[in-house]
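Chemist: In terms of the UniProt record's numbering, the sequence shown opens at residue 1 and continues consecutively.
Quick caveat, the hints were computed from the structure, so don't treat them as lab data. What you are looking at is a predicted structure, and each value in this text was computed from that prediction instead of being measured. Heads up, the beta-carbon is just placed ideally off N, CA and C, and yes, glycines get one too. Hints should not be assumed to be uniformly reliable.
Unchecked claim - Derived DEER-like restraints, expressed as beta-carbon distance ranges:
1. Asp63 / Arg249: 35 to 45 Å
2. Leu168 / Ser239: 20 to 30 Å
3. Lys265 / Gly65: 25 to 35 Å
4. Gly225 / Lys120: 42 to 52 Å
As the list claims (entries may be wrong) - Derived pair list, reagent style PhoX-like, types lysine-lysine, alpha-carbon separation capped at 20 Å:
5. Lys265 / Lys180
6. Lys276 / Lys185
7. Lys184 / Lys272
8. Lys257 / Lys184
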Amino acid sequence: MMMPDPKAVSRIRLIINPRAGHRKRRSLLRVLEAALLKLRIDYEICWTSYAGHGRELAAEAIDRGLAFVGVVGGDGSVNEVATAFAEAASKNVGTRLVIIPAGSGNGLARALNIPLSPRKAIELIHSGHIRWIDAGIANGRYFFSNAGVGFDALIARRFAGHTLRGILTYTWLTLASFQKYRAKKYTLILDGEILQERAFLVAVANGNQFGYAFKIAPHASPDDGWLEVCIIRPLNWASLAKLSIQALRGKLQDSEKQVRFFRAKQLTIQRKKIIKWMQVDGEPVDIRNLGQVEVRLLPRVLPVVVPGSE
1 MMMPDPKAVS RIRLIINPRA GHRKRRSLLR VLEAALLKLR IDYEICWTSY AGHGRELAAE
61 AIDRGLAFVG VVGGDGSVNE VATAFAEAAS KNVGTRLVII PAGSGNGLAR ALNIPLSPRK
121 AIELIHSGHI RWIDAGIANG RYFFSNAGVG FDALIARRFA GHTLRGILTY TWLTLASFQK
181 YRAKKYTLIL DGEILQERAF LVAVANGNQF GYAFKIAPHA SPDDGWLEVC IIRPLNWASL
241 AKLSIQALRG KLQDSEKQVR FFRAKQLTIQ RKKIIKWMQV DGEPVDIRNL GQVEVRLLPR
301 VLPVVVPGSE
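The task is simple: from the sequences and hints, build the whole structure.
Modeler: Okay, here's the thing in structure tokens:
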């Protein structure tokens, strides 16, 4: 779908997370304002000030019928704003999402080949196209990249509580946590098929990666009408290193010994004991009230501005 002529665009609302990973906040804002002036687009800037604020600001913009909502932040900020789009899917008649990566991992932006340069990302309003992507919903929480239980949920909890962001912190937390972590037994119900697995982690992917170009599901496509389920079986240090290299190269493969991939539109993840935590687009979510994870696919709910053509 071609983009409208920028001369006809009335307004974009930029929703900015001041706590995102981008350190040069003022220079980032100057870059975005200069690009929007060059494109002759009216804009308004809203700063988020509490959890869920981005979702509220986006919902208001959609209700007003603004041409674009831009989110400036990381995967957590993108999730909040995209959730408003998913919730308004039946009534959204023309508002489109612009992702300006300014976080740590930027998983969805990378999966959609959106430039990590804020200027180039905002310029997609003029040069890009609209791609309608799917979403998943896990225990009532929307996700657009991935959700999961096990080791990835543990790291999400520890990363969220850490003052330092970035790949070095993420790597350090992974290595520091790996030694004591033990794989757990899970029961998975994938579109009615029951599987029993002892797993290091179970990831449900709409996009292909966690972020940092770490492709946990290299063949996942966010608009193919399927969720990719990745089960990683128990690992030692050598296999962790091997699989990490494969994931960074986008070459993680199905193997009976360590990695299994399945596709599903609906699934349940259970344990004999309750599951306490899951991660949703990299954010930790306490699920002790339910004790299991219920996931289903929602097709084509999010119109995102992306490079190139569909």
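Chemist: In ascending order, which of the hints set out earlier in this document are inconsistent with the structure?
Modeler: 4, 5
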